[in-house]
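These protein sequence lines map, in sequence, to chains L and W.
In terms of the numbering used here, the first sequence is residues 1 to 88.
In terms of the numbering used here, the second sequence is residues 89 to 378.
Hints in this document: simulated from the structure, not taken from any laboratory.
Even glycine gets a Cβ: it sits at the ideal position worked out from N, Cα and C.
Mixed in with the good hints there might be a few duds.
What the hints assert, rightly or not - Calculated pairs, EDC-like style, for lysine to aspartate or glutamate (alpha carbon to alpha carbon, straight line, at most 20 Å):
1) L/Lys82 / W/Glu127
2) W/Lys172 / L/Glu74
3) L/Lys2 / L/Asp70
4) L/Lys82 / W/Glu159
As the list claims (entries may be wrong) - Cβ pair distances, simulated, as ranges:
5) W/Glu329 / L/Ser41: 57 to 67 Å
6) W/Glu329 / L/Leu54: 51 to 61 Å
7) L/Ala53 / W/Glu329: 20 to 30 Å
8) L/Ala28 / W/Leu125: 30 to 40 Å
9) W/Thr229 / L/Lys2: 48 to 58 Å
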Amino acid sequence: MKFASAGTLESMDCLVTVSEGGRGSGLAVELEGSGVSRFRSAMEKTVRDTLEALGANDLMVNVNDRGALDVVLEARVETAVKRLRGER
Amino acid sequence: MRRTMLYLPGNNPNMLVRGHLFGSDGIVMDMEDAVALSEKDAARIMISKFLRRGDFGRVEVTVRINGADTEFWKKDLEAVVPCKRLDGIRLPKADSPQIIKDVDEELSRLEDKYGIAQGHIKLFCILETAYGIWHAYDVATASKRVTAILPGGEDLVADLKTSRTPEGTELEWSRRMIVIAARAAGVDAIDLMFPRVTDDKGLRRDAQFSKDLGFDGKSVIHPNQIPVIHEIFTPSEKEIEKAQRIIAAAEDARARGLGTVSVDGRMVDVPVVKRAHYILVKAGLEKEDE
Numbered sequence: 001m002k003f004a005s006a007g008t009l010e011s012m013d014c015l016v017t018v019s020e021g022g023r024g025s026g027l028a029v030e031l032e033g034s035g036v037s038r039f040r041s042a043m044e045k046t047v048r049d050t051l052e053a054l055g056a057n058d059l060m061v062n063v064n065d066r067g068a069l070d071v072v073l074e075a076r077v078e079t080a081v082k083r084l085r086g087e088r
Numbered sequence: 089m090r091r092t093m094l095y096l097p098g099n100n101p102n103m104l105v106r107g108h109l110f111g112s113d114g115i116v117m118d119m120e121d122a123v124a125l126s127e128k129d130a131a132r133i134m135i136s137k138f139l140r141r142g143d144f145g146r147v148e149v150t151v152r153i154n155g156a157d158t159e160f161w162k163k164d165l166e167a168v169v170p171c172k173r174l175d176g177i178r179l180p181k182a183d184s185p186q187i188i189k190d191v192d193e194e195l196s197r198l199e200d201k202y203g204i205a206q207g208h209i210k211l212f213c214i215l216e217t218a219y220g221i222w223h224a225y226d227v228a229t230a231s232k233r234v235t236a237i238l239p240g241g242e243d244l245v246a247d248l249k250t251s252r253t254p255e256g257t258e259l260e261w262s263r264r265m266i267v268i269a270a271r272a273a274g275v276d277a278i279d280l281m282f283p284r285v286t287d288d289k290g291l292r293r294d295a296q297f298s299k300d301l302g303f304d305g306k307s308v309i310h311p312n313q314i315p316v317i318h319e320i321f322t323p324s325e326k327e328i329e330k331a332q333r334i335i336a337a338a339e340d341a342r343a344r345g346l347g348t349v350s351v352d353g354r355m356v357d358v359p360v361v362k363r364a365h366y367i368l369v370k371a372g373l374e375k376e377d378e
């Protein structure tokens with residue numbers, strides 16, 4: 001399975017890993033880490049909005065959060081997706 | 089005012105979030121030396137996201153892109169120029185007028201593409217070779233965008249075929265030449281950063297030397313360096329009070345048709361008045377063009 005990641009497990013960052021799902025499998029978002037219990041829905045919305053803006057489909061996304069702001073989460077998701085696509 | 093410009097590693101969210109809160113006059117989000125080769129893409133995206141939010145208060149916001157001798161610089165510019173809040177580009181290895189012209193042309197193309205006023209984005213040129221230092225005036229006048237020139241650090245030391253000393257002797261003349269070229273060209277001179285972050289005495293000595301040479305400020309690599317440099321580059325109450333008396337005396341003399349006057353036993357002529365205005369500018373009491 002093809003996958004790519006971006007980010008770190010440092011404070012205020014997050015590690016985002018994306019992997020290709022099967023055709024038509026849609027988007028699966030998995031969240032873990034320090035901010036998830038309080039901000040799950042906001043974080044999931046940020047991830048999904050970023051994926052939508054990138055036109056990304058059929059992906060599994062794992063976010064390991066270390067207190068990342070939404071701007072950081074957006075950046076890490078975009079970087080991981082672009083890396084998966086080979087766009088550096 | 090550019091007394092301090094704080095470098096923030098471009099792939100470090102922790103510093104990017106807080107960087108503008110430490111009180112420096114400017115920040116420099118770094119895509120170059122502070123970012124590993126494998127993370128250039130991540131830093132480019134991270135910085136552009138932060139710039140789009142535009143939440144930096146009143147600090148001058150700049151980005152150090154990768155040098156024009158790399159494969160990255162055009163992508164770097166494409167990522168940051170359209171963003172809401174970008175005042176300038178810090179260009180490393182800006183060692184010839186041709187490099188400045190190439191970057192200026194690319195900036196003009198991008199400003200046109202994204203509907204930004206032509207010339208809005210300023211250039212801060214780092215001169216990192218002996219050739220660059222020798223041609224500092226030509227670099228500073230190669231484009232109207234150039235607003236400041238800066239001496240390089242490690243690369244310049246290597247190019248001079250010398251090594252770092254605690255006294256900084258190896259870069260002394262390069263720093264002097266930067267100030268002379270900057271003043272001749274009418275741009276700012278910003279000195280290199282002081283690398284030893286826990287050496288306050290050394291920082292104080294180095295910053296005083298920068299000020300005495302005529303620099304407008306310094307690059308900074310740690311927030312703790314900011315107050316020390318501000319203290320040195322900000323005029324004291326006594327200096328401000330004297331500058332105000334000099335300007336008042338000169339204005340009074342002019343109104344009464346007198347040629348010269350004296351303040352504290354010293355003749356007040358045009359250069360003295362000019363210096364007094366400069367002190368008030370540095371104190372934030374006058375604007376540059378008043």
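A quick look at each hint next to the structure:
1. L/Lys82 / W/Glu127: holds (13 Å)
2. W/Lys172 / L/Glu74: holds (17 Å)
3. L/Lys2 / L/Asp70: violated (26 Å)
4. L/Lys82 / W/Glu159: holds (18 Å)
5. W/Glu329 / L/Ser41: 57 to 67 Å: holds (59 Å)
6. W/Glu329 / L/Leu54: 51 to 61 Å: At roughly 59 Å between Cβ atoms, L/Leu54 and W/Glu329 fall inside 51 to 61 Å, so the hint holds.
7. L/Ala53 / W/Glu329: 20 to 30 Å: Between L/Ala53 and W/Glu329, where Cβ atoms are some 57 Å apart, the hint is violated.
8. L/Ala28 / W/Leu125: 30 to 40 Å: holds (32 Å)
9. W/Thr229 / L/Lys2: 48 to 58 Å: holds (51 Å)
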